[in-house]
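Novice: So the chains spell out like this:
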Amino acid sequence: MLNREERFYLSIIPESAQLGIHVVIEKDVKIGENVVIGHNSTILQGSEIGDNVIIGNNCVLGIEPAVNLRMRKTKKNNNKLVIHSGARIGNLVSIYSSTVIGKSVFIGDHASVRENVTIGDETIVGRAAIVELNTKIGKNCTIQTLAYVTGDSILEDNVFIGPCVSMSNDKYMGAKSYDLKGPHIKKGSKIGNNASLLPGVTIGENTIVGAGAVVTKNIEDNITVAGVPAKKINT
Amino acid sequence: MLNREERFYLSIIPESAQLGIHVVIEKDVKIGENVVIGHNSTILQGSEIGDNVIIGNNCVLGIEPAVNLRMRKTKKNNNKLVIHSGARIGNLVSIYSSTVIGKSVFIGDHASVRENVTIGDETIVGRAAIVELNTKIGKNCTIQTLAYVTGDSILEDNVFIGPCVSMSNDKYMGAKSYDLKGPHIKKGSKIGNNASLLPGVTIGENTIVGAGAVVTKNIEDNITVAGVPAKKINT
Amino acid sequence: MLNREERFYLSIIPESAQLGIHVVIEKDVKIGENVVIGHNSTILQGSEIGDNVIIGNNCVLGIEPAVNLRMRKTKKNNNKLVIHSGARIGNLVSIYSSTVIGKSVFIGDHASVRENVTIGDETIVGRAAIVELNTKIGKNCTIQTLAYVTGDSILEDNVFIGPCVSMSNDKYMGAKSYDLKGPHIKKGSKIGNNASLLPGVTIGENTIVGAGAVVTKNIEDNITVAGVPAKKINT
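Protein sequences appear in the order of chains A, B and C.
Heads up, the first sequence is in the working numbering, so the first residue is 26 and it goes up one at a time.
Heads up, the second sequence is in the working numbering, so the first residue is 26 and it goes up one at a time.
Heads up, the third sequence is in the working numbering, so the first residue is 26 and it goes up one at a time.
One or more hints might be untrue.
If several chains are the same, the list does not tell them apart, and a pair holds so long as it fits within one copy or across any two.
When the alpha-carbon atoms are kept at most 20 Å apart in a straight line, the in silico PhoX-like pairs for lysine-lysine are as follows [as the list claims (entries may be wrong)]:
#1 Lys-212 x Lys-201
#2 Lys-257 x Lys-196
#3 Lys-105 x Lys-52
#4 Lys-161 x Lys-257
The set of hints was computed from the structure by calculation and includes no laboratory data.
Since we're looking at a predicted model, the values are computed, not measured.
Construct the entire structure; sequences and hints are all you get.
Specialist: Below, the structure written as structure tokens:
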């Protein structure tokens, strides 16, 4: 086996780190104590990895945003990716720069989290779930497998997003340039699997949206809605 | 090129194996005859790969389950991943330990299969499809692209799951602790694309669920259902 | 660091290329000027990468199709993957051979594009979106995150596909062998998030399909449809 100096660690790594084979650590990366990083994972320039963080295999962390000619540019704020202590990152995960992952957060395999996102402590982001840019997610949320959290959204604390939930943030579907707005989901609400939330809708506190529902307008607190379009039901 | 001893093969590899560049094979891995493994793929400790298995590039196979503080722990049974002969595993795939992949199974690119899963011979798991823990899938099933097979589910033989089908297994959406139960889909049934199945529903034999339907209760054998919620239709 | 000769470049690489660590470039690959390739990415045999193309980390490009016993074989035409100038490919992306990616196309992280696909100039394929085989996509299209573009489909120019849109191409769901046919989406149409399109439907020009709609038959030009099944609405 190659010794440390022959691997591709361009930053200082604490002795307590356990690093897999073919790990790449670019420069200006900070690694806390007792960090584990799986094989073939890459930590890009400037990222900060807290104590006791566990990262799986084949991950790419700290990605700089990129666009083509037709895409809106993200604000260039030169911030780094920060992953707080005790977080667990799965395998084949991508996470962007300018994003903050809270303490003891779990990010599942194949998930992707974009730039300018904050994820509160102990929140779970399921496997293959995607969190787009400029979104704030509270503490103790559960975002299940293959759920799609669009950009410019707010999820308050203790929100549950079922598998395959879909959200959108552009009511003109690319036809006009305006300030995109995703859903605002208030604390304690639960969204059933494969439900669809339209741009800018607000879901009240402790409200339940049924599986497969299509939410086209704001929903009040403490009720249950279902159907296409979603309407209040007695439970 | 590096010779074998300088690569990261910590188990004994048959001469008949064709291994890509940057492949990592951890210890206690068993590799059959005529196995092909693509570049940058990792086979984790204890996995068993049968004869004539073909594995793509950038895969992670044999992953140990991990959880955060708020997630249920998986039963620790210390079993290994077993991939039987003739299976084809795509690229950028993740598969967990304690899972058995049958003969001539096809697993598409970007797919993920979790722990304590069995997949019957010749079944197809489409690209980016996800199979969660404790699920049994029969023989000759087709699970299409981006379909989500939740945990604690049963799919009998010859089941067809269309693309983007969504299932769930937790009727309280995280609010109570109970024995989670996914759908039970009986032999020969077909589920249309983007349909939603609620926790614990049974789909009868040779029944057809239309595209986009939301199945909220058990469905009898040999019928066709569609709509939100799904109802029997004449065909 | 290793020098170029000790890396795994089996083709001739221009001096202007910026290549990450652990990059694998197989033989008969053509690389244009000013190409950037991230760490751990693999360019498979015969691929052609145009000038100024930027490729992220952990990608697999130029994959040969593979099937199991129960899958239809793809036409073996021995064509290569061609990525035209200025395209940007994200991280953890898979793209097959016999496919042509147009100029300045953007392919998001975790996306997959199969064989015999053409993607027109400046089109955006969102993260974790999947484009299946034998599909033609025009110029200036936007295919959003987690959208599923099935095989044998046609998307004309300026089409907008919202996040999590689902399409299918097999009306018998595997029960019969026939010529599969995906949707034909005419120019300027917009499909809302999580809508479902059935096999072979035609969506007229400049038509809008609402979020969560299920399109079961052809839709005329210049109208808006919504609901399950989708019907014309006044807007």
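Novice: Each hint needs a verdict: does it hold in this structure or not?
Specialist: These are the hints, each one checked on the structure:
1. Lys-212 x Lys-201: between (31 Å within a copy, 17 Å between copies)
2. Lys-257 x Lys-196: between (23 Å within a copy, 18 Å between copies)
3. Lys-105 x Lys-52: Answer is within: at 12 Å inside a copy they meet the 20 Å cutoff, but 36 Å across does not.
4. Lys-161 x Lys-257: This pair counts as neither: shortest intra-copy Cα distance 27 Å, inter-copy 36 Å.
Hint compliance for this structure: hint 4 is the single one not met.
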